[in-house]
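*Asks:* Please take these sequences and the hints and turn them into a complete structure.
In this text, residue positions in the sequence shown follow the numbering used here: the first is 312, and each later residue adds one.
Do not rely on the hints blindly, as some may be mistaken.
Below, a list of computed lysine-lysine pairs in the DSBU-like style, where the Cα atoms sit at most 30 Å apart [to be verified]:
(1) LYS370 to LYS357
(2) LYS702 to LYS663
(3) LYS1273 to LYS1255
(4) LYS515 to LYS409
(5) LYS677 to LYS659
(6) LYS1112 to LYS702
(7) LYS845 to LYS515
(8) LYS1255 to LYS1112
(9) LYS1273 to LYS845
(10) LYS677 to LYS1101
(11) LYS673 to LYS659
Since the hints were made in silico from the structure, they are not lab data.
In this text, all values refer to a predicted model and were calculated from it rather than measured experimentally.
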Amino acid sequence: MIKGLVKKIAGARHGREVRKLGSLVAEINRLYAEMEPLSAEELRSKTDAFRATIADATKEVVEEIESTRDDKRTATNARIREDLSARISELEAAYREKLATVLEEILPEAFAVVKAACRLLMGEEVTVMGHRLEWEMIPYDVQLVGAIQLHRGRAAEMATGEGKTLGATMPLYLNALAGRGAHLVTVNSYLAQRDAEWMGAIYKLLGLTVECIDLHDPGTPERRAAYRADITYGTNNEFGFDYLRDNMVHTLDQRVQRVHYYAIIDEVDSILIDEARTPLIISGPVSRDTSTPFKEMAPTVGALHRRQTRTVSRLVAEAMEDLDREEGDEYAAGEKLLAAKRGSPKNKRLMKLFADQPGVVKLVEKVEGDYMREKRLHEVDELLLFAMDEKGSNVHLSDAGLDALSPDDPQAFVVPDLSEVMGEIEEDETLSVEAKRARVAELEAQYADKSQRIHVIHQLLKAYTLFHKDERYIIGENGSIVIVDEFTGRQMPGRRWSDGLHQAVEAKEGVEIRGETQTLATITIQNYFRMYEKLSGMTGTAETEETEFHQIYNLDVSVIPTNRPIARDDRDDLIFRTKREKYSAIMDEVERLHRLELPVLVGTTNVEVSETLSRMLRRRRIPHNVLNAKQHKRESEIVAEAGRPGAVTIATNMAGRGTDIKLGPGVTAPRTVGWAEERGLDLEEVAAIDPTRYEELADKDADHLIEVGGLHILGSERHEARRIDRQLRGRAGRQGDPGASQFFLSLEDDLMRLFGGMERIARAMDRMGAEEGEVITHPLVTRSIGRAQKRVEGNNFEARKRLLDYDDVMNQQREVIYDLRLFALEGGEDLKGELWEMVRHTMRSAMAEVLPEGDFESGLDVGGLRQRMLLDLHTVLPLIENEDDPEEVDREEALRVARSAVQESFERRVETFGEHAERVMSFVLLSTIDGKWKDHLYDLDHLKASIGFRGWGQKDPLVEYKKEAYEMFVGLMEDLRGTVTKQLFRVRVEQRPTMRMPRQSLSYSGPAGRPGSGVSPPGRPGRHRSARAPVPGGAPFDALGVAAASRVPAAEAAAGGGAATAASAGRDVGRLATNRGEGAPKRPVRAEKVPGRNAPCPCGSGRKYKKCHGRAN
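*Replies:* Below, the structure written as structure tokens:
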């Protein structure tokens, strides 16, 4: 009763919101009616008028913002720059407020203009993805309501088939008038391209430009132009990766994105919730080999897995014998079954036993409770080689398992306590210093080797036990492991599981094992989309995730009513004991509906189930189509046929397919007794298998209903998320069409087995006397499933929130670093001032080392100060009075002289760069930032991977992570300032002749590898830098031509940081690997004609090619 009341109150709230918009919808329709006589040109002139209105309303504040920015760019005083930055922030807030006000004022007329444009397009042909379609859409009132809510930054729940695509055109048009770019984000490239072409007809008629970023390669001028269109369509991955790439480039003109102003996210729950579990990552290779251990250990772990399977089968057989014997030990049988459940929970014999005998489930739960109370659960695991935790997606090796992996070496997996052993070595007076170092190095190598072996074995075990082919992944056409999206059923090429898991799956399947990668740039979906000033979304299933939308994204959900009442019959679930019985019942129902010439869509959760059902249909000779991650190339063709009379389609989750299933002729008509008799059908064969709807048809009237018309949805399993089930149901009954939906479940389904209280349902089936193969429906089952789904949704929400909590720490650091990069890219006095602050900071640090604060006992070490100024700041101090007698030196005077000398040295250094000063300073800062930031991300990855162990010490891992990440970031900034200072005083510009244009380079005068020269210490992975970085002209810097070091070997560029790597990233950032796709398409390489060695050099020097530019080549 309480639940019903809550639902009624929530429904009433949404109804009130919609009713409040009634007057605004009426105003839009009034203006729309007045525009009936207007031509396309007259409608287009409205766009110019709207833009003029916005410009007039915001003119003063825009001019003040530009003026203040100019002042800030030329300001030399740091405090003045800070004040101007604060003023700019205030003005930008004022601009946003004025813009919001004027957009709200012109909303009715702007929406009416879009609706009028749709009327002008009626009957016109529009080319969409190579097909000619006739335009036949004008927005309904409910679409106007949805459009208003989208403009106001809400998540609009619009039922499947209610025209979300068209509804989005109005808020996109309105917000695009501001000239700051309006984005529509979709889940896949097909929808992005289709909607940009389809809805582009409206925008173009009204004089706006529209583009799709997915049509163009990353980092190209075409991609940049796509972002400068008034309205831009694209996928969430490409928007996010372009942001990361923009913060890896080396010139402003390589950045493609503009401000993050307004975005509408299509299938908002799929993108902001499902996709949010995995961050966006741009990666590069690491320098060490990580594939060999997986290849070496895979056969051993595979044998261990097979041995465990035999062990579990034996335990189940022994337990069944104990239960069958009158004098058998029931408790011992429960112990064996508990071990079997922990060792292989999907063992078929075990699952059937649990389904058939609820008392056995109760026995196992009792034994498990006893062992947990006494903290002896590990004793059960000793019957196994390893134990599995399906809920936590983890595997634990037992002592027996460790012995089986290394029978000849019992110490193979015993990791030494380094701190204890190192203490013993340090106290051993018989060892020399060199011997102690050698012993420590040997121990560290052993520790690393054993740790890696344990990690590899752990990941391989997870691959063998928890990650099943055709369920979590498939093997692609090129032999690679392709992850399958559990929410959409689509392939996710290019995405890889982290922490070596993907390599473990590759080793398990015997395909090529790709090397481990290192993060170069990363951001979560949540933190990317929270950058938008105004964010909205639309989906058919938002209400169930209302809490998360509000807490994470500050998005309130608004439920939009349907244009016509939903006529779909959503039936109660049917429950079976086993999957075999369930699949057989699905086949019977498909065959019945096929005889009735009704279209059927069978929804499955993974590829394996879809292929199992397909084989069963083939045996019954029922023609059908399969749409899954393996068979997706005929998607549009399959969907087009899915609504025809008698069509049978098996499909994995249908979220984000973006295509309506059009019903064929005669499908919507109800199937009656008379209809069946006319076609000579056996009435017994077309009777419902659902016991609540079954009836004898032989004595019924001709107009008695056998089955409703329309599309029939049969779900083969409940999904973890309720909204995925709602999406599947929503494929039927669109726009008031008839239809039906029903789910077929079994006690062996993962959701029921792990979260659904299977034993209670099994006992209920026993009380009802359900025989094998017999179906039941019961409110208890429906409630159990609902509770199970809510538990899983809660767990997933906490996991996403935890991910966001960790990324929020990095996000603050990322903003600081990216703002600093923007300083470097924009140049001007801002850049010079920032570098001077870094030099001053380094100078203060050097002074503090020579004269610690509060140390007044000893005199000033002028010699030490002079040496530090020379080494760190390339500054020669002038003679200081009484320098020979430290106690007589006036320390304040000495420090003033030092500060003055450093500032003069800095100014003189900048002047030596001449016209290239801005470019050189930018290069030094960017290259250092990129190298240091990459190393910092590497360190944070390792910190995050290990911080969970702090929980064992009763410490909150998140709090510990925040503390240590902050300390690491402070160290990063300190290191960054020192390195920038050193490089700035060493870098020089060299002019070199080239064949086409002057070649310039940046080189460091300090020796390569000298401590303090900017070269990282040895032993740290991925931190090698060349002492000289030649830079070819032309790219990426537009004027100076500062770019990647062409002479740095590829291996160094891949593994290293600093100038070479950073510049390389700037030059070819569009081709860096991501975790969400295959990257940019391959381009043909054109070979240029090379002169002969003895031919004249093309540069015109008059010398032979081999003596001139041929020498460099």
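*Asks:* The structure should be examined with respect to each hint, and the outcome stated for every one.
*Replies:* Now for the hints, and whether the structure bears them out:
no.: 1; hint: LYS370 to LYS357; in the structure: holds, 20 Å
no.: 2; hint: LYS702 to LYS663; in the structure: holds, 20 Å
no.: 3; hint: LYS1273 to LYS1255; in the structure: holds, 10 Å
no.: 4; hint: LYS515 to LYS409; in the structure: holds, 27 Å
no.: 5; hint: LYS677 to LYS659; in the structure: holds, 22 Å
no.: 6; hint: LYS1112 to LYS702; in the structure: holds, 18 Å
no.: 7; hint: LYS845 to LYS515; in the structure: holds, 24 Å
no.: 8; hint: LYS1255 to LYS1112; in the structure: holds, 15 Å
no.: 9; hint: LYS1273 to LYS845; in the structure: holds, 29 Å
no.: 10; hint: LYS677 to LYS1101; in the structure: holds, 25 Å
no.: 11; hint: LYS673 to LYS659; in the structure: holds, 19 Å
Hint compliance for this structure: no hint is broken.
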